[in-house]
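Input sequences plus hints: build the corresponding full structure.
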Amino acid sequence: MSNVKYSKDHEWLKIEGDTAWVGITTYARHALGDLVFLELPEVGRQVAKGDDFAVVESVKAASEIYTPVTGEIVEVNETLQDDLDGLKEDIDTGWIVKVKMSNDNEAADLMDKAAYDTFVESLD
Amino acid sequence: MKKTPLHAAHVTQKAQMAEFAGYDMPIQYESGVMTEHNWTRENAGIFDVSHMGQVTIEGPDACAFIEKLTPSTFSSLKPNVAKYTVLMNEQGGMIDDLIITKLSDTKFFAVVNGACKDKDLNWMQRHLPQGVMLVHHENRALIALQGPKAEAVLRDALGIDTANLNYMRYMEDKDFFISRLGYTGEDGFEISMHADRADAVWHKLMAHADVKPIGLAARDSLRLEMGYPLYGHDIDATTSPIEADSKWIMGKVQNKTFIGAMRVLDEIENSPARLRVGVKITGKGVAREGAEVFDAAGETKLGVLTSGGFSPTLKQAIGQAYIDPTASKAGTKVNVRVRGRDIEAEIADMPFVKAKTKKALKKAA
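Listed in order, the protein sequences are those of chains A and B. At the far end of the first sequence sits residue 200, using our numbering, and the numbering has no gaps. At the far end of the second sequence sits residue 1133, using our numbering, and the numbering has no gaps.
Worth flagging that the hints you see were computed from the coordinates, not collected in a lab. Be aware that one or more of the hints could be misleading.
[As the list claims (entries may be wrong)] Result set (DSBU-like, lysine-lysine): computed pairs, CA atoms no more than 35 Å apart in a straight line:
#: 1; chain 1: B; residue 1: 875; chain 2: B; residue 2: 851
#: 2; chain 1: B; residue 1: 771; chain 2: B; residue 2: 836
#: 3; chain 1: B; residue 1: 942; chain 2: B; residue 2: 1124
#: 4; chain 1: B; residue 1: 1024; chain 2: B; residue 2: 1126
#: 5; chain 1: B; residue 1: 1052; chain 2: B; residue 2: 851
#: 6; chain 1: B; residue 1: 771; chain 2: B; residue 2: 942
#: 7; chain 1: B; residue 1: 782; chain 2: A; residue 2: 189
#: 8; chain 1: A; residue 1: 174; chain 2: A; residue 2: 125
#: 9; chain 1: B; residue 1: 851; chain 2: B; residue 2: 770
#: 10; chain 1: B; residue 1: 1015; chain 2: B; residue 2: 875
#: 11; chain 1: B; residue 1: 782; chain 2: B; residue 2: 1024
#: 12; chain 1: B; residue 1: 782; chain 2: A; residue 2: 90
#: 13; chain 1: A; residue 1: 90; chain 2: B; residue 2: 1083
#: 14; chain 1: B; residue 1: 1052; chain 2: A; residue 2: 174
#: 15; chain 1: B; residue 1: 1052; chain 2: A; residue 2: 125
#: 16; chain 1: B; residue 1: 1083; chain 2: A; residue 2: 84
#: 17; chain 1: A; residue 1: 174; chain 2: B; residue 2: 1083
#: 18; chain 1: B; residue 1: 836; chain 2: B; residue 2: 1083
#: 19; chain 1: B; residue 1: 770; chain 2: A; residue 2: 84
#: 20; chain 1: B; residue 1: 972; chain 2: B; residue 2: 875
#: 21; chain 1: B; residue 1: 1052; chain 2: B; residue 2: 1015
#: 22; chain 1: A; residue 1: 164; chain 2: B; residue 2: 1083
#: 23; chain 1: A; residue 1: 84; chain 2: B; residue 2: 1097
#: 24; chain 1: B; residue 1: 846; chain 2: B; residue 2: 1052
#: 25; chain 1: B; residue 1: 1052; chain 2: A; residue 2: 164
#: 26; chain 1: A; residue 1: 164; chain 2: B; residue 2: 782
#: 27; chain 1: A; residue 1: 84; chain 2: B; residue 2: 782
#: 28; chain 1: B; residue 1: 1052; chain 2: A; residue 2: 90
#: 29; chain 1: B; residue 1: 771; chain 2: A; residue 2: 84
#: 30; chain 1: A; residue 1: 176; chain 2: B; residue 2: 1052
#: 31; chain 1: A; residue 1: 176; chain 2: A; residue 2: 164
[What the hints assert, rightly or not] The following label-pair restraints were derived from C-beta to C-beta distances:
#: 32; chain 1: A; residue 1: 164; chain 2: B; residue 2: 1050; range: 22 to 30 Å
#: 33; chain 1: A; residue 1: 178; chain 2: B; residue 2: 1072; range: 38 to 46 Å
#: 34; chain 1: B; residue 1: 932; chain 2: A; residue 2: 166; range: 52 to 60 Å
#: 35; chain 1: A; residue 1: 164; chain 2: B; residue 2: 1004; range: 35 to 43 Å
#: 36; chain 1: A; residue 1: 169; chain 2: B; residue 2: 1004; range: 42 to 50 Å
#: 37; chain 1: B; residue 1: 782; chain 2: A; residue 2: 158; range: 47 to 55 Å
#: 38; chain 1: A; residue 1: 128; chain 2: B; residue 2: 923; range: 48 to 56 Å
Note that the structure is predicted; figures quoted are calculated from it, not measured. Backbone N, C-alpha and C define an ideal beta-carbon position, used for all residues, glycine too.
Written as structure tokens, this is what we have:
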């Protein structure tokens, strides 16, 4: 079973070795509304924890997506650009980027599913 | 934060609420902006626009007063005709844009932007001639009913027959002030009523199968498709009506003595420094207010986007910009810079989507 973690910015991470698959949660997806465009980063970009690495445009506004972990972007999910419905909390297909992590501790500090669910409930 | 008389109805309908013009307003309802937008284009949407200011201007010199404040001509207008115009400042910029309806030679009804109403009333008060009265109808709500089914809905839900009411025309029925106009490009109405009736009227309209409530987000995308300016974004105290490409509000330019006329008449003669234009994003992406517009080579800056968003009807991003008039011809290839990336775009005629407002009725022979 995969090790999946969640951030307070509503990203999910599937951890496989030193690589994190990063996507957005159902909560984030719902808050963003009707999506019309996804701007992806270049492969090879170095990102630090808290950096924005992608932008989703809805009819209303542009929203940045932040990485909860530091590292190098090693793969981007270009299929999402033509299929924005695919951007969802699906840990096999809904990932936006894969990040090769340079600091293991950052992922360890994130929430597990139960803690994230409690966090989301506290927001409503 | 202020609340409109329909605030409770929005909360009950689980609208996403946010501050707008000092009011807690519905941004979107549960179905979301895309659905709301398309629903209005295909059926009928109702909008709570009670945050807007409703003002009666009355007195023997009311018409001359309005022709002082605005660059438009009202003296030759027939009664019950509404006109889009702007309040001018001394520098030839715009204090607000508004609809003024001529009720009679001495009585006018104005609807102004919510965010501007205090400023507008102060300005009018400052210039008010003796014997002219301003009445701010703070006890009235305003509901916009917009869409191709609006006329039928109004008949079914409220028993009001508007079959003989033309576009930009006004009537009163059952103590409603009904104006056949709007901010969406669809046929439709703005219906003014006493605040204590608003909730009941809203629910009567809501009960109609062809009606959905529409939030401010879709109101914005609908008006953007029509190329209508939004005050505070596409027009403001520094832009003139000529720069805003709104010379048409001056008709044949009979009125030359309004406040700020010097700059406006000069710009008619000598062309303005910048011009409001439509921009169609032909590349991938969405450009928002503040994005810079460059030439096709991406080298020379031509202007800045003042509005921008996604058009649900065209399924592409559109916007409005002020640019160098020499580059303002429709079809001119440009680039819009978004987060450091240039996206291909072109100058476009507005409206982006054809208006479907009510066609003039044929006069009886």
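Now the hints, each set against the structure:
For the suggested pair residue 875 (chain B) and residue 851 (chain B), the alpha carbons sit about 14 Å apart, so the restraint of at most 35 Å is met. A C-alpha spacing of about 33 Å is found between residue 771 (chain B) and residue 836 (chain B), which places the hinted pair at or below 35 Å, so the restraint holds. Distance restraint check for residue 942 (chain B) and residue 1124 (chain B): the Cα-Cα separation of roughly 27 Å lies within the 35 Å cut-off, and the hinted pair is therefore satisfied. Our distance criterion of 35 Å between C-alpha atoms is met by residue 1024 (chain B) and residue 1126 (chain B), whose separation comes to about 31 Å.
Annotation: proposed proximity of residue 1052 (chain B) to residue 851 (chain B) is violated, straight-line Cα distance about 38 Å (limit 35 Å). A threshold of 35 Å between alpha carbons decides the hint, and for residue 771 (chain B) with residue 942 (chain B) the separation of about 25 Å falls inside it, so the pair holds. Note on residue 782 (chain B) and residue 189 (chain A): the hinted pairing holds, with a Cα-Cα distance of about 27 Å set against a maximum of 35 Å. Straight-line distance between C-alpha atoms of residue 174 (chain A) and residue 125 (chain A) comes to about 14 Å, which keeps the hinted pair within the 35 Å bound.
At most 35 Å may separate the alpha-carbon atoms for a hinted pair to count; residue 851 (chain B) and residue 770 (chain B) meet this at roughly 29 Å. Only pairs whose Cα atoms come within 35 Å are accepted, and residue 1015 (chain B) paired with residue 875 (chain B) is accepted, the gap being roughly 25 Å. Only pairs whose Cα atoms come within 35 Å are accepted, and residue 782 (chain B) paired with residue 1024 (chain B) is rejected, the gap being roughly 50 Å. Straight-line distance between C-alpha atoms of residue 782 (chain B) and residue 90 (chain A) comes to about 34 Å, which keeps the hinted pair within the 35 Å bound.
The straight-line distance between the Cα atoms of residue 90 (chain A) and residue 1083 (chain B) is roughly 33 Å, inside the 35 Å bound, and the hint therefore holds. Our distance criterion of 35 Å between C-alpha atoms is met by residue 1052 (chain B) and residue 174 (chain A), whose separation comes to about 23 Å. Among the hinted pairs, residue 1052 (chain B) with residue 125 (chain A) is consistent with the structure: their alpha-carbon atoms are about 28 Å apart, no more than 35 Å. Using a Cα cut-off of 35 Å, the hinted pair residue 1083 (chain B) and residue 84 (chain A) holds, with the two alpha carbons roughly 32 Å apart.
Our distance criterion of 35 Å between C-alpha atoms is met by residue 174 (chain A) and residue 1083 (chain B), whose separation comes to about 30 Å. Only pairs whose Cα atoms come within 35 Å are accepted, and residue 836 (chain B) paired with residue 1083 (chain B) is rejected, the gap being roughly 42 Å. Among the hinted pairs, residue 770 (chain B) with residue 84 (chain A) is consistent with the structure: their alpha-carbon atoms are about 32 Å apart, no more than 35 Å. A hinted pair counts as satisfied when its Cα atoms are at most 35 Å apart, and residue 972 (chain B) with residue 875 (chain B) qualifies at roughly 31 Å.
For the given pair, residue 1052 (chain B) sits about 33 Å from residue 1015 (chain B) by alpha-carbon distance, which is consistent with the 35 Å threshold. Using a Cα cut-off of 35 Å, the hinted pair residue 164 (chain A) and residue 1083 (chain B) holds, with the two alpha carbons roughly 22 Å apart. With a C-alpha separation of about 48 Å, the suggested pair residue 84 (chain A) and residue 1097 (chain B) falls outside the 35 Å cut-off, and the hint is violated. Restraint check: the Cα-Cα separation between residue 846 (chain B) and residue 1052 (chain B) comes to about 48 Å, which exceeds 35 Å; the hinted pair is violated.
Our distance criterion of 35 Å between C-alpha atoms is met by residue 1052 (chain B) and residue 164 (chain A), whose separation comes to about 21 Å. Distance check on the hinted pair: residue 164 (chain A) and residue 782 (chain B) sit about 23 Å apart at the alpha-carbon level, within 35 Å; holds. Note on residue 84 (chain A) and residue 782 (chain B): the hinted pairing holds, with a Cα-Cα distance of about 25 Å set against a maximum of 35 Å. A C-alpha spacing of about 29 Å is found between residue 1052 (chain B) and residue 90 (chain A), which places the hinted pair at or below 35 Å, so the restraint holds.
As the CA atoms of residue 771 (chain B) and residue 84 (chain A) are separated by approximately 32 Å, the hinted pair is consistent with the 35 Å bound. The hinted pair formed by residue 176 (chain A) and residue 1052 (chain B) meets the criterion: a straight-line CA distance of about 28 Å does not exceed 35 Å. With a C-alpha separation of about 21 Å, the suggested pair residue 176 (chain A) and residue 164 (chain A) falls inside the 35 Å cut-off, and the hint holds. Here the CB-CB span from residue 164 (chain A) to residue 1050 (chain B) is close to 29 Å, well matched to the stated 22 to 30 Å.
Between residue 178 (chain A) and residue 1072 (chain B) the Cβ separation comes to about 39 Å, which falls inside the hinted range of 38 to 46 Å. Restraint check, residue 932 (chain B) to residue 166 (chain A): a C-beta distance of roughly 56 Å satisfies the suggested window 52 to 60 Å. At about 40 Å, the CB distance of residue 164 (chain A) to residue 1004 (chain B) agrees with the hint of 35 to 43 Å. Here the CB-CB span from residue 169 (chain A) to residue 1004 (chain B) is close to 46 Å, well matched to the stated 42 to 50 Å.
Roughly 32 Å separates the CB atoms of residue 782 (chain B) and residue 158 (chain A), a value that falls outside the hinted 47 to 55 Å. Between residue 128 (chain A) and residue 923 (chain B) the Cβ separation comes to about 51 Å, which falls inside the hinted range of 48 to 56 Å.
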